[in-house]
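Chemist: Sequence:
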Amino acid sequence: MLFQQIVENALDSICVLDENNKVIYANNAFCKLTDFPKEDVIGKDFSIFLPPEIAPSHAEYIKNYLKSHPGVSKVLGQVRKLSLKTRSDEIIAIELKAFELPAIEGKIYFAGIIRDLRERLLVSYEHNRLLYGLNDIGYLDEVSHLPNQKYLLKRLENYLDSDFKEGVFALIDIDGLDIVNRQYGREIGDELIKKIGHDIQSDLRVKDTLARWEGSSLAVVLPMTGLSEAIHVLDKLRFDIANTKGYLLEDPEYVPSVSVGCSRIVPPRKPIDTHIYEANKALFKAKIEGKNKLFIFGFY
-9 MLFQQIVENA
1 LDSICVLDEN
11 NKVIYANNAF
21 CKLTDFPKED
31 VIGKDFSIFL
41 PPEIAPSHAE
51 YIKNYLKSHP
61 GVSKVLGQVR
71 KLSLKTRSDE
81 IIAIELKAFE
91 LPAIEGKIYF
101 AGIIRDLRER
111 LLVSYEHNRL
121 LYGLNDIGYL
131 DEVSHLPNQK
141 YLLKRLENYL
151 DSDFKEGVFA
161 LIDIDGLDIV
171 NRQYGREIGD
181 ELIKKIGHDI
191 QSDLRVKDTL
201 ARWEGSSLAV
211 VLPMTGLSEA
221 IHVLDKLRFD
231 IANTKGYLLE
241 DPEYVPSVSV
251 GCSRIVPPRK
261 PIDTHIYEAN
271 KALFKAKIEG
281 KNKLFIFGFY
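For the sequence shown, our numbering gives the first residue as -9, with consecutive numbering after it.
Possibly wrong hints are sitting among the right ones.
[As the list claims (entries may be wrong)] Result set (SDA-like, lysine to any residue): computed pairs, CA atoms no more than 20 Å apart in a straight line: (1) K22 with I81; (2) K281 with Y244; (3) K12 with Y51; (4) K71 with E90; (5) K53 with F89; (6) K226 with K260; (7) K75 with L91; (8) K235 with K12.
Please keep in mind that the hints were generated in silico from the structure rather than gathered at the bench.
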(Lines of atoms letter the chains of each structure in order from A and count residues from 1; the text may use other names and numbers.)
(Lines give C-alpha, C1' and ligand atoms only; values in the text may rest on other atoms or scores of the structure.)
Protein backbone atom coordinates (compact mmCIF):
# COMPACT_ATOMS: atom_id res chain seq x y z
CA MET A 1 0.00 0.00 0.00
CA LEU A 2 2.85 2.40 0.85
CA PHE A 3 4.53 1.77 -2.50
CA GLN A 4 1.24 2.34 -4.31
CA GLN A 5 0.88 5.72 -2.61
CA ILE A 6 4.42 6.67 -3.56
CA VAL A 7 3.84 5.82 -7.23
CA GLU A 8 0.39 7.42 -7.28
CA ASN A 9 1.75 10.72 -5.94
CA ALA A 10 5.12 10.72 -7.74
CA LEU A 11 6.08 13.94 -9.53
CA ASP A 12 7.00 12.03 -12.69
CA SER A 13 4.20 10.63 -14.83
CA ILE A 14 3.93 6.84 -14.68
CA CYS A 15 1.74 4.54 -16.73
CA VAL A 16 1.51 0.79 -17.33
CA LEU A 17 0.49 -0.81 -20.63
CA ASP A 18 -0.55 -4.34 -21.42
CA GLU A 19 0.62 -6.29 -24.45
CA ASN A 20 -2.27 -4.83 -26.48
CA ASN A 21 -1.01 -1.26 -25.95
CA LYS A 22 -3.88 -0.56 -23.52
CA VAL A 23 -3.33 1.60 -20.43
CA ILE A 24 -4.09 -0.42 -17.30
CA TYR A 25 -2.63 2.10 -14.83
CA ALA A 26 -1.81 5.81 -14.80
CA ASN A 27 -0.81 7.88 -11.79
CA ASN A 28 -2.04 11.36 -10.92
CA ALA A 29 0.91 13.07 -12.62
CA PHE A 30 0.15 11.34 -15.94
CA CYS A 31 -3.49 12.44 -15.82
CA LYS A 32 -2.43 16.00 -14.98
CA LEU A 33 0.16 16.04 -17.77
CA THR A 34 -2.29 14.86 -20.43
CA ASP A 35 -5.28 16.70 -18.91
CA PHE A 36 -7.39 13.54 -19.08
CA PRO A 37 -9.43 12.34 -16.09
CA LYS A 38 -8.34 8.90 -14.93
CA GLU A 39 -11.55 7.24 -16.10
CA ASP A 40 -10.78 8.44 -19.65
CA VAL A 41 -7.25 7.02 -19.48
CA ILE A 42 -7.65 3.51 -18.11
CA GLY A 43 -8.43 0.97 -20.82
CA LYS A 44 -7.58 3.35 -23.66
CA ASP A 45 -5.04 2.62 -26.38
CA PHE A 46 -1.83 4.50 -25.55
CA SER A 47 -1.70 5.74 -29.14
CA ILE A 48 -4.29 8.43 -28.34
CA PHE A 49 -1.62 10.17 -26.25
CA LEU A 50 0.88 10.29 -29.12
CA PRO A 51 1.12 12.61 -32.13
CA PRO A 52 -0.56 11.01 -35.18
CA GLU A 53 2.71 10.71 -37.09
CA ILE A 54 4.25 8.34 -34.51
CA ALA A 55 1.20 6.69 -32.91
CA PRO A 56 0.99 3.74 -35.37
CA SER A 57 4.68 2.93 -35.02
CA HIS A 58 4.43 2.70 -31.21
CA ALA A 59 1.85 -0.10 -31.35
CA GLU A 60 3.96 -1.80 -34.02
CA TYR A 61 7.01 -1.71 -31.72
CA ILE A 62 5.09 -3.68 -29.10
CA LYS A 63 3.85 -6.23 -31.64
CA ASN A 64 7.32 -6.79 -33.06
CA TYR A 65 8.83 -7.07 -29.59
CA LEU A 66 6.28 -9.68 -28.53
CA LYS A 67 6.92 -11.71 -31.69
CA SER A 68 10.61 -12.05 -30.81
CA HIS A 69 10.11 -12.22 -27.03
CA PRO A 70 12.28 -12.72 -25.12
CA GLY A 71 14.50 -10.62 -27.34
CA VAL A 72 16.68 -7.55 -27.31
CA SER A 73 14.87 -4.22 -27.45
CA LYS A 74 16.38 -1.02 -28.79
CA VAL A 75 13.75 0.97 -26.88
CA LEU A 76 13.23 -0.63 -23.46
CA GLY A 77 15.57 0.65 -20.78
CA GLN A 78 16.66 3.65 -22.87
CA VAL A 79 15.77 7.27 -22.17
CA ARG A 80 14.09 8.59 -25.31
CA LYS A 81 12.94 12.05 -26.22
CA LEU A 82 9.41 11.97 -27.59
CA SER A 83 6.29 14.08 -27.82
CA LEU A 84 3.00 13.54 -26.03
CA LYS A 85 -0.43 14.77 -27.09
CA THR A 86 -2.72 16.27 -24.46
CA ARG A 87 -6.51 16.35 -24.31
CA SER A 88 -6.48 19.73 -26.07
CA ASP A 89 -4.18 18.32 -28.82
CA GLU A 90 -1.20 20.29 -27.52
CA ILE A 91 2.08 18.55 -28.40
CA ILE A 92 4.55 18.62 -25.52
CA ALA A 93 8.19 17.50 -25.29
CA ILE A 94 8.88 14.61 -22.92
CA GLU A 95 11.53 12.11 -21.90
CA LEU A 96 10.37 8.50 -21.67
CA LYS A 97 12.03 5.51 -20.06
CA ALA A 98 10.07 2.31 -20.72
CA PHE A 99 10.77 -1.11 -19.29
CA GLU A 100 9.19 -4.55 -19.13
CA LEU A 101 7.53 -5.63 -15.89
CA PRO A 102 7.58 -9.20 -14.55
CA ALA A 103 4.95 -11.32 -16.31
CA ILE A 104 1.70 -12.02 -14.47
CA GLU A 105 -0.06 -15.27 -15.39
CA GLY A 106 1.92 -15.38 -18.62
CA LYS A 107 0.94 -11.86 -19.69
CA ILE A 108 3.51 -9.17 -20.42
CA TYR A 109 3.24 -5.59 -19.17
CA PHE A 110 5.26 -2.45 -19.81
CA ALA A 111 5.80 0.56 -17.56
CA GLY A 112 6.81 4.03 -18.64
CA ILE A 113 8.26 6.89 -16.60
CA ILE A 114 7.60 10.20 -18.32
CA ARG A 115 9.21 13.55 -17.58
CA ASP A 116 7.80 16.83 -18.89
CA LEU A 117 10.54 18.82 -20.65
CA ARG A 118 8.57 22.03 -21.26
CA GLU A 119 9.72 23.82 -18.15
CA ARG A 120 13.33 22.76 -18.68
CA LEU A 121 13.28 24.08 -22.25
CA LEU A 122 11.65 27.33 -21.18
CA VAL A 123 14.09 27.84 -18.31
CA SER A 124 17.00 27.20 -20.67
CA TYR A 125 15.72 29.76 -23.17
CA GLU A 126 14.98 32.40 -20.54
CA HIS A 127 18.29 31.69 -18.82
CA ASN A 128 20.16 32.65 -21.97
CA ARG A 129 18.18 35.84 -22.39
CA LEU A 130 18.74 36.92 -18.79
CA LEU A 131 22.28 35.67 -18.27
CA TYR A 132 23.73 37.19 -21.38
CA GLY A 133 21.50 40.26 -21.57
CA LEU A 134 20.19 39.22 -24.98
CA ASN A 135 16.82 40.97 -24.89
CA ASP A 136 17.87 43.16 -27.78
CA ILE A 137 18.50 39.96 -29.84
CA GLY A 138 21.98 41.23 -30.73
CA TYR A 139 23.71 38.27 -29.13
CA LEU A 140 20.96 35.66 -29.49
CA ASP A 141 20.65 33.01 -32.18
CA GLU A 142 16.92 32.64 -32.79
CA VAL A 143 17.16 29.12 -34.22
CA SER A 144 19.03 27.44 -31.37
CA HIS A 145 18.04 29.83 -28.55
CA LEU A 146 21.75 29.97 -27.72
CA PRO A 147 24.17 32.90 -27.79
CA ASN A 148 25.43 33.57 -31.28
CA GLN A 149 28.91 33.51 -32.81
CA LYS A 150 29.41 37.21 -32.11
CA TYR A 151 28.90 36.68 -28.40
CA LEU A 152 31.15 33.63 -28.21
CA LEU A 153 33.98 35.45 -29.98
CA LYS A 154 33.66 38.26 -27.44
CA ARG A 155 33.85 35.76 -24.57
CA LEU A 156 36.86 34.03 -26.15
CA GLU A 157 38.65 37.33 -26.68
CA ASN A 158 38.06 38.35 -23.06
CA TYR A 159 39.43 35.02 -21.86
CA LEU A 160 42.53 35.30 -24.04
CA ASP A 161 43.11 38.81 -22.70
CA SER A 162 42.90 37.58 -19.10
CA ASP A 163 45.58 35.93 -16.99
CA PHE A 164 44.52 32.50 -18.24
CA LYS A 165 46.33 29.23 -17.63
CA GLU A 166 44.69 26.83 -20.03
CA GLY A 167 41.42 26.00 -21.70
CA VAL A 168 39.85 24.62 -24.86
CA PHE A 169 37.94 26.07 -27.80
CA ALA A 170 35.86 23.46 -29.63
CA LEU A 171 33.66 23.28 -32.70
CA ILE A 172 30.81 20.75 -32.55
CA ASP A 173 29.23 19.85 -35.87
CA ILE A 174 25.98 17.91 -36.29
CA ASP A 175 26.74 15.06 -38.67
CA GLY A 176 24.38 14.70 -41.63
CA LEU A 177 22.25 17.76 -40.89
CA ASP A 178 22.10 18.49 -44.62
CA ILE A 179 20.47 15.08 -45.16
CA VAL A 180 17.84 15.86 -42.51
CA ASN A 181 17.15 19.21 -44.18
CA ARG A 182 16.71 17.60 -47.59
CA GLN A 183 14.56 14.73 -46.35
CA TYR A 184 12.31 16.51 -43.86
CA GLY A 185 12.74 20.23 -44.54
CA ARG A 186 14.73 23.10 -43.07
CA GLU A 187 12.31 23.64 -40.16
CA ILE A 188 12.91 20.08 -38.93
CA GLY A 189 16.65 20.61 -39.26
CA ASP A 190 16.43 23.83 -37.25
CA GLU A 191 14.49 22.00 -34.54
CA LEU A 192 17.22 19.36 -34.44
CA ILE A 193 19.85 22.07 -33.92
CA LYS A 194 17.81 23.48 -31.03
CA LYS A 195 17.32 20.10 -29.33
CA ILE A 196 20.96 19.07 -29.64
CA GLY A 197 22.09 22.50 -28.47
CA HIS A 198 19.86 22.17 -25.41
CA ASP A 199 21.22 18.72 -24.58
CA ILE A 200 24.82 19.86 -24.98
CA GLN A 201 24.19 22.81 -22.70
CA SER A 202 22.75 20.44 -20.09
CA ASP A 203 26.00 18.44 -20.15
CA LEU A 204 28.27 21.47 -19.81
CA ARG A 205 29.38 23.24 -16.65
CA VAL A 206 28.32 26.68 -15.43
CA LYS A 207 31.65 28.24 -16.41
CA ASP A 208 31.48 26.98 -20.02
CA THR A 209 30.05 29.06 -22.88
CA LEU A 210 28.10 27.36 -25.66
CA ALA A 211 26.95 29.19 -28.79
CA ARG A 212 25.60 28.64 -32.27
CA TRP A 213 28.53 28.98 -34.64
CA GLU A 214 27.22 28.70 -38.19
CA GLY A 215 25.31 26.23 -40.32
CA SER A 216 25.36 22.85 -38.63
CA SER A 217 28.00 23.86 -36.09
CA LEU A 218 27.98 24.93 -32.46
CA ALA A 219 31.02 26.16 -30.54
CA VAL A 220 32.08 26.09 -26.92
CA VAL A 221 34.75 27.70 -24.77
CA LEU A 222 35.90 25.62 -21.79
CA PRO A 223 37.88 28.04 -19.57
CA MET A 224 40.39 26.96 -16.91
CA THR A 225 40.17 23.40 -18.16
CA GLY A 226 43.00 20.94 -18.68
CA LEU A 227 43.15 18.74 -21.74
CA SER A 228 42.09 15.51 -20.01
CA GLU A 229 39.12 17.21 -18.34
CA ALA A 230 38.06 18.83 -21.62
CA ILE A 231 38.17 15.46 -23.39
CA HIS A 232 36.04 13.96 -20.62
CA VAL A 233 33.41 16.72 -20.85
CA LEU A 234 33.23 16.84 -24.65
CA ASP A 235 33.41 13.11 -25.27
CA LYS A 236 30.63 12.50 -22.76
CA LEU A 237 28.27 14.83 -24.61
CA ARG A 238 29.30 13.27 -27.93
CA PHE A 239 28.57 9.80 -26.55
CA ASP A 240 25.24 10.84 -25.00
CA ILE A 241 23.95 12.31 -28.26
CA ALA A 242 25.00 9.24 -30.26
CA ASN A 243 23.02 7.02 -27.88
CA THR A 244 19.75 8.95 -27.71
CA LYS A 245 16.68 8.43 -29.86
CA GLY A 246 13.64 10.65 -30.20
CA TYR A 247 15.20 13.74 -31.75
CA LEU A 248 12.97 13.49 -34.84
CA LEU A 249 9.23 12.91 -34.57
CA GLU A 250 9.29 11.98 -38.25
CA ASP A 251 11.73 9.12 -37.58
CA PRO A 252 11.64 7.75 -34.01
CA GLU A 253 14.59 5.44 -34.78
CA TYR A 254 16.84 8.31 -35.92
CA VAL A 255 19.96 8.74 -33.79
CA PRO A 256 22.12 11.81 -34.47
CA SER A 257 25.83 12.20 -33.92
CA VAL A 258 28.29 15.06 -33.64
CA SER A 259 31.92 15.48 -34.61
CA VAL A 260 34.15 17.58 -32.38
CA GLY A 261 37.33 19.49 -33.21
CA CYS A 262 39.33 21.21 -30.46
CA SER A 263 42.04 23.82 -30.10
CA ARG A 264 44.02 24.04 -26.86
CA ILE A 265 44.25 27.43 -25.19
CA VAL A 266 47.66 27.63 -23.52
CA PRO A 267 50.19 30.44 -23.00
CA PRO A 268 51.58 32.25 -24.84
CA ARG A 269 48.47 33.91 -26.26
CA LYS A 270 47.56 33.06 -29.84
CA PRO A 271 45.19 35.06 -32.08
CA ILE A 272 41.54 34.02 -32.12
CA ASP A 273 41.85 33.16 -35.81
CA THR A 274 44.52 30.59 -34.95
CA HIS A 275 42.22 28.81 -32.50
CA ILE A 276 39.41 28.81 -35.07
CA TYR A 277 41.78 27.40 -37.70
CA GLU A 278 43.02 24.66 -35.36
CA ALA A 279 39.51 23.66 -34.27
CA ASN A 280 38.39 23.52 -37.91
CA LYS A 281 41.36 21.32 -38.86
CA ALA A 282 40.62 18.94 -35.97
CA LEU A 283 36.94 18.91 -36.91
CA PHE A 284 37.83 18.05 -40.51
CA LYS A 285 39.96 15.17 -39.19
CA ALA A 286 36.97 13.90 -37.18
CA LYS A 287 34.81 14.00 -40.31
CA ILE A 288 37.20 12.16 -42.60
CA GLU A 289 37.81 9.52 -39.91
CA GLY A 290 34.14 8.53 -40.07
CA LYS A 291 32.33 11.21 -38.02
CA ASN A 292 31.04 10.88 -34.45
CA LYS A 293 34.61 11.39 -33.24
CA LEU A 294 36.63 13.92 -31.23
CA PHE A 295 40.07 15.21 -32.19
CA ILE A 296 42.43 17.72 -30.58
CA PHE A 297 44.59 19.77 -32.97
CA GLY A 298 48.19 18.57 -32.75
CA PHE A 299 47.30 15.22 -31.14
CA TYR A 300 46.71 13.03 -34.19
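Chemist: Run every hint past the structure and note whether it holds.
Modeler: Quick rundown of the hints versus the structure:
no.: 1; hint: K22 with I81; in the structure: holds, 14 Å
no.: 2; hint: K281 with Y244; in the structure: holds, 16 Å
no.: 3; hint: K12 with Y51; in the structure: holds, 14 Å
no.: 4; hint: K71 with E90; in the structure: holds, 18 Å
no.: 5; hint: K53 with F89; in the structure: holds, 15 Å
no.: 6; hint: K226 with K260; in the structure: violated, 28 Å
no.: 7; hint: K75 with L91; in the structure: violated, 25 Å
no.: 8; hint: K235 with K12; in the structure: violated, 23 Å
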